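2 protein chains.
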Amino acid sequence: MELYKESSISCTSAAEHYLIEKMNEIRIFSPATVANVSCGFDVMGFCLDTVGDEMVIRKIDKKGIFITKIEGFDLPLETKANVAGVSALAMYDAINVDYGFEIEIYKNIKPGSGIGSSAASAVGSVFGMNELIGRPYNKTQLTEFAIKGEALASKCEHADNLAPALFGGFTLVKSVSPLKVLELPTPKDLYATIIHPQIEIKTSESRGLLPKQIDLSDAITQWANLGSFVHALHTSDYALIQSALKDVIVEPYRSKLIPLFTEAKSAALDAGALGCGISGSGPSIFSLSKGLDVANNVKASLENVYMDLVIDYDIHVSKINTEGIKIIS
Amino acid sequence: MELYKESSISCTSAAEHYLIEKMNEIRIFSPATVANVSCGFDVMGFCLDTVGDEMVIRKIDKKGIFITKIEGFDLPLETKANVAGVSALAMYDAINVDYGFEIEIYKNIKPGSGIGSSAASAVGSVFGMNELIGRPYNKTQLTEFAIKGEALASKCEHADNLAPALFGGFTLVKSVSPLKVLELPTPKDLYATIIHPQIEIKTSESRGLLPKQIDLSDAITQWANLGSFVHALHTSDYALIQSALKDVIVEPYRSKLIPLFTEAKSAALDAGALGCGISGSGPSIFSLSKGLDVANNVKASLENVYMDLVIDYDIHVSKINTEGIKIIS
Numbered sequence: 001m002e003l004y005k006e007s008s009i010s011c012t013s014a015a016e017h018y019l020i021e022k023m024n025e026i027r028i029f030s031p032a033t034v035a036n037v038s039c040g041f042d043v044m045g046f047c048l049d050t051v052g053d054e055m056v057i058r059k060i061d062k063k064g065i066f067i068t069k070i071e072g073f074d075l076p077l078e079t080k081a082n083v084a085g086v087s088a089l090a091m092y093d094a095i096n097v098d099y100g101f102e103i104e105i106y107k108n109i110k111p112g113s114g115i116g117s118s119a120a121s122a123v124g125s126v127f128g129m130n131e132l133i134g135r136p137y138n139k140t141q142l143t144e145f146a147i148k149g150e151a152l153a154s155k156c157e158h159a160d161n162l163a164p165a166l167f168g169g170f171t172l173v174k175s176v177s178p179l180k181v182l183e184l185p186t187p188k189d190l191y192a193t194i195i196h197p198q199i200e201i202k203t204s205e206s207r208g209l210l211p212k213q214i215d216l217s218d219a220i221t222q223w224a225n226l227g228s229f230v231h232a233l234h235t236s237d238y239a240l241i242q243s244a245l246k247d248v249i250v251e252p253y254r255s256k257l258i259p260l261f262t263e264a265k266s267a268a269l270d271a272g273a274l275g276c277g278i279s280g281s282g283p284s285i286f287s288l289s290k291g292l293d294v295a296n297n298v299k300a301s302l303e304n305v306y307m308d309l310v311i312d313y314d315i316h317v318s319k320i321n322t323e324g325i326k327i328i329s
Numbered sequence: 001m002e003l004y005k006e007s008s009i010s011c012t013s014a015a016e017h018y019l020i021e022k023m024n025e026i027r028i029f030s031p032a033t034v035a036n037v038s039c040g041f042d043v044m045g046f047c048l049d050t051v052g053d054e055m056v057i058r059k060i061d062k063k064g065i066f067i068t069k070i071e072g073f074d075l076p077l078e079t080k081a082n083v084a085g086v087s088a089l090a091m092y093d094a095i096n097v098d099y100g101f102e103i104e105i106y107k108n109i110k111p112g113s114g115i116g117s118s119a120a121s122a123v124g125s126v127f128g129m130n131e132l133i134g135r136p137y138n139k140t141q142l143t144e145f146a147i148k149g150e151a152l153a154s155k156c157e158h159a160d161n162l163a164p165a166l167f168g169g170f171t172l173v174k175s176v177s178p179l180k181v182l183e184l185p186t187p188k189d190l191y192a193t194i195i196h197p198q199i200e201i202k203t204s205e206s207r208g209l210l211p212k213q214i215d216l217s218d219a220i221t222q223w224a225n226l227g228s229f230v231h232a233l234h235t236s237d238y239a240l241i242q243s244a245l246k247d248v249i250v251e252p253y254r255s256k257l258i259p260l261f262t263e264a265k266s267a268a269l270d271a272g273a274l275g276c277g278i279s280g281s282g283p284s285i286f287s288l289s290k291g292l293d294v295a296n297n298v299k300a301s302l303e304n305v306y307m308d309l310v311i312d313y314d315i316h317v318s319k320i321n322t323e324g325i326k327i328i329s
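Protein sequences appear in the order of chains A and B.
If you're matching positions, the first sequence starts at 1 in our numbering and goes up one per residue.
If you're matching positions, the second sequence starts at 1 in our numbering and goes up one per residue.
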């Protein structure tokens with residue numbers, strides 16, 4: 001029985017492999033992500049379900065990487081000036097093949113919104129290429145390629161948006177060099193509410209705001225919270241998630257850049273959110289809630305805060321996407 | 001069936017309660033503990049099995065707290081000058097009874113050795129008293145009382161040795177005010193090797209060595225490691241325990257106070273330890289290993305390092321004590 005099962009799995013894989021080898025074009029959904037997650041600056045992230053880009057990756061006879069179409073936002077088509085192109089090139093240099101790839105990007109995640117716009121592009125191209133050539137690389141290796149693209153956008157190599165986009169769920173990037181990504185469990189009732197006040201903050205500028213040194217006592221508070229948060233994810237302890245979702249390091253600096261941040265955070269917590277903080281380097285604000293109803297209440301409260309403001313906003317409610325990036329067709 | 005089960009538990013509790021009420025004297029084992037654990041400065045700790053103090057707590061007619069005997073080391077009998085006395089007084093003030101308690105301390109843990117000597121005394125008195133009066137307090141509440149005693153020794157209120165002594169296993173003190181202790185899982189093959197080079201370092205002096213500010217980049221490394229370590233405990237991932245057991249914050253400062261620390265650490269790692277670092281504020285050095293055999297190899301290697309040195313040492317191999325403080329008789 002066991003042998004039959006193994007043999008059956010093996011047949012499926014071979015068939016799948018054959019299909020992939022025959023496939024010349026793939027359409028993927030590359031999700032938005034929330035990095036930092038209050039207590040996990042630079043290391044933690046989670047993946048969203050209802051927001052993301054679509055990309056088409058196509059095998060072509062001509063050697064090289066070519067971005068042939070970008071819809072949604074005005075981004076460079078030049079391969080070396082586009083994060084999707086740069087990560088694709090990093091992988092292309094490694095695979096040494098006599099054909100090339102075309103990339104089309106249908107962008108829904110606004111660049112500079114703080115929910116992993118560049119990461120979605122960076123992982124999309126390498127994920128799609130990997131599928132078309134028979135999956136020689138695992139997700140950690142794909143993250144390595146994508147880091148090269150992400151570096152173009154944020155001016156430093158980090159993986160806190162890339163990892164959740166590729167792996168799904170909550171991830172902790174233990175280290176970038178060597179790259180070690182941990183997949184953390186996702187409590188099943190967690191939902192995110194994300195509001196994006198439509199001002200642009202560049203990751204590189206936002207990083208410049210941070211001090212080079214911090215108080216040891218604050219650092220201790222932060223790592224106690226992060227350790228507690230990891231424990232809370234493992235034990236689905238929502239009360240502990242609530243008390244651990246604090247940021248004493250970065251939020252005091254970066255929140256100043258976000259209009260009505262304090263009011264928004266208060267409104268989210270009053271509406272029942274477990275926690276609320278800056279998504280990535282902002283200006284998006286994320287909340288985590290227990291249950292879809294609470295997440296929707298948080299959405300309504302946040303809308304009340306920003307309704308009267310002159311600037312526009314986007315707002316999303318999403319379950320945590322435990323699958324990550326995926327093939328659509 | 002469920003009802004019967006509940007009723008049965010209830011009967012046992014009542015009988016136990018009756019026995020405790022009749023009990024006037026109790027002998028306990030109060031274990032040594034390792035705080036900080038490399039990546040968890042000020043928040044993490046674990047409990048040892050083979051090293052600890054014994055204490056006798058006795059209900060007496062005379063009101064007050066009286067330390068009547070201390071064997072093993074020269075420590076003050078005056079209640080307010082002894083950590084066991086101070087924590088006992090904190091609890092005594094809260095219970096308002098018309099009798100008192102005598103405390104005898106049979107000390108095996110050398111004060112200033114860095115394996116929770118003061119914590120063992122501080123938790124021992126309150127744990128024993130709580131047993132004698134019918135357990136009105138839970139372990140978190142006992143930790144609160146014990147903090148008052150610990151503060152006498154270390155000049156600040158912290159619980160990173162108290163919590164593992166009371167709860168057993170690995171603990172994470174999320175916060176001291178309000179006190180929140182998390183009980184982390186203990187991978188079953190973990191063993192500790194502890195060497196105590198016999199020089200004394202006072203916790204209060206050792207804390208003075210630390211900088212008030214640290215690099216943000218180092219703090220990120222540390223919290224990535226702590227988050228990873230918590231995940232590793234949950235998943236019994238020994239390779240991850242190994243790569244997370246690093247201390248980029250405190251060890252560079254405090255290790256200078258410990259003779260042959262660098263050589264000892266190298267020897268422990270060469271002998272197969274997953275990690276090695278300073279226990280608490282030192283001078284004891286802890287190693288964690290997978291399996292008793294490796295822990296014994298680490299012991300032999302550490303002995304080789306200190307054998308030729310003029311100062312003496314104590315060395316212990318211990319499984320992680322998941323029970324914590326306990327009644328002997």
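Since the hints were made in silico from the structure, they are not lab data.
Fair warning: there could be bad hints in the mix.
Because identical chains cannot be distinguished in the list, a pair is counted as satisfied if it fits within a single copy or across any two copies.
What the hints assert, rightly or not - No farther apart than 27 Å at their CA atoms in a straight line, the calculated lysine-lysine pairs in the DSSO-like style are these:
1) 290 - 62
2) 290 - 180
3) 63 - 180
4) 80 - 212
5) 148 - 290
6) 155 - 80
7) 59 - 212
8) 246 - 212
9) 69 - 188
10) 69 - 326
11) 256 - 69
Since we're looking at a predicted model, the values are computed, not measured.
So which hints don't hold here, by number, going up? 1, 3, 4, 5, 7, 9, 11
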